[in-house]
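Undergrad: What follows is each chain in one-letter form.
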Amino acid sequence: MKFTFDGRPYEARRGDTLAAALIRNGVHLMGRSFKYHRPRGVLAAGAEEPNALVEIDRGGARRTPNLRATVVEVFDGMVARSQNRTPSLRFDVGAVNDLLAPFLPPGFYYKTFMWPIGAWAKLYEPLIRRAAGLGRAPDLPDTDRYTQRFAHCDVLVIGAGPAGLAAAAEAAAAGMRVMLCDEQAEFGGSLLSDPAAAAGLHETLAALFANPRATMLCRTTAFGIYGDNLVGLAERVTDHLPDPDPALPRERLWQVRAKRIVVAAGAIERPLVFPGNDRPGIMLGDAARIFATRYGANPGRNAVVVTACDTGADVARDLAASGVRIARVIDLREGFRVTGTSGRLRVSFIGIERGGAREKIPCDLVAMCGGWTPSIHLYSQARGKPRFDAALGAFVPDTEVSNLICVGACAGDMPGAYRAGIAPVSSEGRAFVDFQNDVTAKDLELATREGFRSIEHVKRYTTTGMATDQGKTSNINALGIVAGALGATIPEIGLTTFRTPYTPVTFGTLAGHSRGDLFDPVRTTPMHQLAVAAGAVFEDVGTWKRARYFPRAAEDMHMAVARECRMVRDSVGMFDATTLGEIEVVGADAAEFMNRVYINAWTRLAPGRCRYGVMLGENGFVMDDGVVGRLAPDRFHVTTTTGGAARVLAAMEDYRQTEWPELRVWLTSVSEQWAVIAVQGPRAREALLPLVDGLDISAAVMPHMSVVEGTFLGIEMRLFRVSFSGEMGFEVNVPADYGHAAWEAISARVGACQGGLYGTEAMHVLRAEKGFIIVGQETDGTATPDDVGLAWAIGKAKPDFIGKRSLTRSGMSGPRRQLVGLRTDDPATVLEEGAQITATTDDNRPLGHVTSAYGGATVGHSIALAMIESGRDRLGATLQVRMPGRAIAVRVTAPVFYDPEGARLDA
Amino acid sequence: MPDALPPLAALARRGPLDRASPVPGVTLAPPMRRVALHGDMSFYAGIPLPRTPLRAALSDETAILWLGPEEWLVLAPACDNVVPGNGSVVDVSHRQVGLHIEGYRAETLLNAACPLDLDLDAFPVGACTRTVFGKAQITLWRRDAALFHLEVARSFAGYVHALLREAALEFGAG
Amino acid sequence: MKLIPCPICGERAEIEFAYGGQAGLVRPPPTATEAAWGAYLYSRENPKGALRERWRHIHGCGRFFNLTRDTVTDKFIP
Amino acid sequence: MDRFSLARLLRQGFSGHSGWGAQWRAPEAPLAAYDVVIVGGGGHGLATAYYLAREHNIRRVAVIERGWIGGGNTGRNTTIIRSNYLMPESAGLYDHSMKLWRTLSRELNYNVMYSPRGVMMLAHNVHDVQVSMRHIHANRLAGVDNEWLTPAQAKAFCPPLNIGGDLRYPVLGAALQRRGGTARHDAVAWGFARAASALGVDIIQNCAVTGLARDAAGAISGVETTRGNIATRKVGVVAAGHTSVVMGMAGVRLPLESYPLQALVSEPVKPAFPCVVMSNTIHAYISQSDKGEMVIGAGTDAYVSYSQTGGLHIATQTLDAICELVPQFRRLRMLRNWGGIVDLSPDRSPILSKTDVPGLYVNCGWGTGGFKATPGSGNLFAHTVAHDEPHPINAPFSLARFDTGRLIDEAAAAAVAH
Ligand SMILES: Cc1cc2nc3c(=O)[nH]c(=O)nc-3n(C[C@H](O)[C@H](O)[C@H](O)COP(=O)(O)OP(=O)(O)OC[C@H]3O[C@@H](n4cnc5c(N)ncnc54)[C@H](O)[C@@H]3O)c2cc1C
Ligand SMILES: NC(=O)c1ccc[n+]([C@@H]2O[C@H](COP(=O)([O-])OP(=O)(O)OC[C@H]3O[C@@H](n4cnc5c(N)ncnc54)[C@H](O)[C@@H]3O)[C@@H](O)[C@H]2O)c1
Ligand SMILES: Cc1cc2nc3c(=O)[nH]c(=O)nc-3n(C[C@H](O)[C@H](O)[C@H](O)COP(=O)(O)O)c2cc1C
Ligand SMILES: [Zn+2]
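Chains as they are written, first to last, in the working numbering: chain R, 1 to 907; chain D, 1 to 174; chain L, 1 to 78; chain H, 1 to 418.
Mixed in with the good hints, there may be bad ones.
Restricting the straight-line Cα-Cα distance to at most 35 Å, the calculated cross-link-like pairs of lysine-lysine (DSBU-like) are [to be verified]: (1) 259(R) / 385(R); (2) 135(D) / 155(H); (3) 48(L) / 259(R); (4) 385(R) / 155(H); (5) 135(D) / 259(R); (6) 122(R) / 270(H); (7) 75(L) / 48(L).
Not close to chain H: a few residues of chain L, all C-beta gaps over 10 Å, as computed [unchecked claim]: (8) 9; (9) 28; (10) 66.
One-sided excerpt, in silico: chain D residues whose CB lies under 10 Å from chain L [what the hints assert, rightly or not]: (11) 14; (12) 42; (13) 53; (14) 54; (15) 67; (16) 115; (17) 125; (18) 129; (19) 138.
Simulated from the structure, these hints should not be mistaken for laboratory data.
Note that the Cβ used here is the ideal one computed from N, Cα and C, for glycine as well.
Okay, chain R solo, but in the shape it has when bound (with noise of 0.2 Å):
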């Protein structure tokens, strides 16, 4: 397999990760530091390397900065950059940083940069913001898929090491529901890089892969524990494809429940903190074991060991089983000091000192053997409550997480090798201790000293703990060095929180699905591909569409909403009523319950009549408006407005249930069983009589505010005589698989009295010249019905009903906003619709804003809508609606503009 990085061919092997076909080649030197720009080699062999970070361009969009190359595989072309640098690797000019390092220690940038104001935004911060930031953001948008599944099972085993293997061939064995994931490309963890365990792992694994009860996840990290044992898994599903088939999500997005939780998560091996510890070609001893053994890589020719524990010797050895020279096994438990290293783009001497004596030993590969930390961030994650173990220099599980048990290395469960306690520190010179943030044992000391004490401030101040890595590596040492700083023991300094994810997740992949029209259902209308055809300019209202005017050949939407206006006016419109939310409201006692939700009086109304109603919430603003119609002494048909639909069903349920369980009521959402079609205008009745299979709809029969069921060419429908366009008006609703027929059918008639479509824009526009108000629009959840205009609606002789009481409280009284119109000078000037308005033009209080203007279709004039403090005492008045520069005076006038008598509304 070939591959570039930074331009250059290489070959790889297949399986190699990134990191092991570089060291392969020779190649040591893989990135910057994120703040000295230092250069730098792997550190580790897998998810927790923090040194290491590239960028895999798999072209145009595709292109991902700041994967870790010990995690990456290499597939066959594949195009590899380093980041962070300028213009290469070899020589950054962002290393100048490192010069300066004496003057940038940690917080540096609180201290100054502070002179002249405003100079920080401008002068310093684009600086200083160049300087970091890692590798490159995308700059296309993402061309690949990412898919989520739910999943549950009775134990989900987390990591495939030896441990997870057992744990998860036990419970297959026992007939469970089992999901084991790990986060490298094979299954094995630990036993990959050892040999003789090969026969065994093959073995466990074919009977597992062969039992079709579990289910085998690799590349697959288990980034997050949640509440209730849900876990999230993400598993990256092609991204190690040459040329992976489109239909393949590049990952997934997995939400495990699981009965059990089996975290079998291993452990993460310490760096030690000596001076000059971050050169390329120093890294963790089980890291060169991993390239040596595992990869064939060898990552140096000549090695010296350097070790806190008993692990050294092994990895001492099967590096020099593998051919590695191994120049000397440093022991630091027999009194060795590391002084320093050498080496520019990679290590070529490391000196130590035993008891004053000092040597300088040649090598290309130093292996830091500092013991092990058990990976308890998912039990951390899962409110476990770990404690400090000494020996092995770590916290390990303590306190029982109900449901999950954790086993093998990441419970502390490790041989007596790898026991090593906190590895002494040598701060002098620059030891590092988290790599990527460039924080040294120097910048943690000198934190303490500027009175950052508790741990959570050091790693605020510092940035320790918190790059790419999430301190995997390095937390343990930096507790140890406050500790030490602060004389006090690691358990009473403690751990920072442990976040998900466990490693960084693909934003695609939380995403999952959600794109475009995924991203929230579109809903549409049955007539909706009518009005496409129609040339319908569409508007978003919650999750629907509507079609907000038809524009003809050259109009703009203006002259298109004159047109449509004038012509409900003067013959008749038709418009789809769909969007608003219906509820059949049904029992022996719903009237009563309609009395208790609306401030309407609604026992007297007569089956087959209908009445504006109007609906507060217990705040005593209100919520929602429609018209209700009684179709029944025990049957109520009641409109909502289109985004209220939902809320208003959800609010009623409540009361049904825990407020008044005594009613024999119930709710159905009808919302979507009818299809509905507004016709409005002087021949609304001529249009639809032919349709109304010989109902009578004549004025005397039905009259304004009536209802009646009956049949539309044969089909089932209830006929509203209903207007919100202050025109003869009816409302037709049909069963909504027939609403495109019924649209068609109506749309002849329409056209053969002269008449067409609607949009919302025009509905707005004849509502406004009546003085409708728009529930959001004139209102906003701090009006009362008397505010705008309403206080007629409630039903006086009611003991009760929701909101009531709030319109007596103290703060309702005194001066309020109330709904009026306003007249420009100019009948051609239309106002802005939120301009605020104050008594003159030197005054700045406001004493309230345009709710609605429009360019008054069919009254001769512009028009708006408003509410005004105390606006039914000024009418008549002359207020000043004030515009950038400018103000324009108006005249407060009644709302209504159209036909105040409402004679039209009777015809």
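For chain R, the structure is supplied; the task is to place chains D, L and H with the ligands on it using the hints.
TA: Chains D, L and H with the ligands only, in chain R's frame:
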């Protein structure tokens, strides 16, 4: 008066998914009579209402799904009439769309956006419930080991269908 | 995402539920004093510990029910 | 207090930084008595102490912090600063703060990295546009900057933003407050702590208030803490999500509910997002920090909780929205996700108020949006505590409003968070 117009019933009904391109394993249920029942009832059209939570009763062509205490959904042949009863009986035939999700991947497909445990032990044949599918509410009824009936409000049908299509892609759909 | 134990349907995913806030608030009559009504509208227990609260299985059986939950651990208390 | 400056930094650089002392004094235990005790060492509490000492010359002040200062919501928030609120009362309150931000670094001699990079609030439908325009007009009249951008102007101001047709909810425009921006959360807490400490304020960490003592007349006489009792006649409670718990110690029940609110950061990348973008309609809040992470605000969980974590579904919903708005960020990765506990008031406006208990004052209800108010809130609360009477700017933010119904309902009026 113009000439008598053709009755609308003769014209095609149009469902929200009529023009949706097919998704393997997903078919559209035929139009049916759906009735929402609420209240203290024991029978609908002579059929005893299931009283066990989360279970459907099947009688000939008619299924009655328990949805909640004192709440059922009747799924009957389209030609059936609505039969009145105690409590609240509301015809919701057009409110919803039925989808059949079939095949050995049915559960996986549904679990792309439905949080229920659909293992046969946890959700056996005959089980039914309201739940969610992505951002839509659905009603799910397991008619057979590998056949689910999914009901969704008609304006959400396009979304649910598209999400099923997206989820099915990796199984060779598209 | 929590599991909420619906008394009717059993444990189901939190996304099927609507939260209903503190349980047991008694809606005062319209004759209530200003303070009593204000308290009904806005005063809430908000304990750090056991809270009696309402849930509705809105995308399930539809029922409201009450549970006690420890607001620190988020575990339900039987 | 040693002054911070470039010269001093350089000098220390040559001498191995041996000369830096503690940034604030850390008394091991509180004194037996103080003139004022502030409960809660978040930004608001520390600012209150600072202004008490600085503007009201009350220097025997203790800030009692349960954990470590700045560890509450001050250290957990997405740091968005703006003042373009709708109600004149709110705009007045937040703009008071905005003015203090401008010179805060200089005043505290601590670079809080206030970065007025512009806050853009997107409108996705006609209703959003109406609400935005109402804000813009109201703000302009009140002298608060806020301007309307067309979609193209919004795109020009924030090039990574997707405004186009493939979006489920296209961008129809945006309200931009240029003075809005961000600041470094930690620096705000530490800067106030250092300046307050220099004026004599005692900052006591790892000390939880466990009781509020009252005298026979019912007035505050002291506080009980895990480090002993303190006598004082004035207590200011500034405990954010824990306010109900602390006030409960004096038997005062507040109209507050505490909810977990989540935020998350991406891995750091080179500068790729120039400003702050908020979308209330699809619930997305994003900016890029100086270190390079994308700082993203998520929603609250559905239920009252003190757990400082939250559901996975809340984070995924937020990232849904972010990926819609900035689809190239799909390939970025979430680095860390955390939660804070926010104290929501019924009208989503804060409470800076005296209480019925003489000597007990409360500053809370900032909910999802109080970081931006930190200097102003401290400044006004200090006034309220010092004079036993609110400043005219915070007078409307009283507790009484919930009884009378005279709310300051930003939420109802505009459905705007943060
Ligand atoms: C995720 C998230 C995002 C946010 N985003 C923004 C944003 O973008 N813009 C914005 O303006 N605001 C935002 N906010 C809100 C903002 O963070 C808060 O309003 C603000 O920080 C509150 O500051 P504070 O000082 O009042 O509270 P905190 O910083 O929470 O301080 C309260 C302190 O009181 C202490 N305390 C509690 N009980 C006791 C006790 N008994 N004894 C002693 N001490 C006690 C706590 O430990 C804590 O330190 C966000 C909040 C969160 C959680
Ligand atoms: N490398 C080590 O962990 C280590 C250290 C000390 C001892 N040992 C020895 O090895 C054995 C322990 O083996 P073990 O099974 O406990 O550990 P292991 O290291 O063999 O296996 C752990 C596995 O978990 C995976 N993993 C970790 N976090 C994960 C996550 N969040 N999501 C998905 N996968 C994740 C890792 O990729 C790894 O494959 C013992 O015999 C012990 O003595 C191993
Ligand atoms: C604006 C901001 C930026 C942050 N950037 C980072 C970051 O780069 N790396 C990191 O690990 N955490 C970052 N954090 C998160 C903190 O590490 C931490 O999660 C947060 O303060 C909450 O504390 P807790 O997780 O300890 O409870 C950031 C927090 C904030 C408020
Ligand atoms: Zn239920």
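Undergrad: Against each hint, give a clear statement of whether it holds in the structure.
TA: Outcome of the hint check:
1. 259(R) / 385(R): Judged against 35 Å, a Cα distance of about 21 Å means the pair holds.
2. 135(D) / 155(H): holds, 29 Å
3. 48(L) / 259(R): holds, 28 Å
4. 385(R) / 155(H): Answer violated: residue 385(R) to residue 155(H) is near 48 Å, above 35 Å.
5. 135(D) / 259(R): holds, 26 Å
6. 122(R) / 270(H): holds, 17 Å
7. 75(L) / 48(L): Holds, because 13 Å separates the two Cα atoms, which is no more than 35 Å.
8. 9: holds, 18 Å
9. 28: Holds: least Cβ distance 13 Å, greater than 10 Å.
10. 66: At roughly 13 Å from the nearest Cβ of chain H, residue 66(L) sits farther out than 10 Å, so the non-interface label holds.
11. 14: violated, 28 Å
12. 42: violated, 19 Å
13. 53: holds, 5 Å
14. 54: holds, 6 Å
15. 67: Hint on residue 67(D): holds, closest Cβ of chain L at ~7 Å, below 10 Å.
16. 115: Because about 4 Å separates residue 115(D) from the closest Cβ in chain L, which is inside the 10 Å limit, the hint holds.
17. 125: violated, 18 Å
18. 129: holds, 6 Å
19. 138: holds, 8 Å
Hints 4, 11, 12 and 17, counting from the list given before, are not met by this structure.
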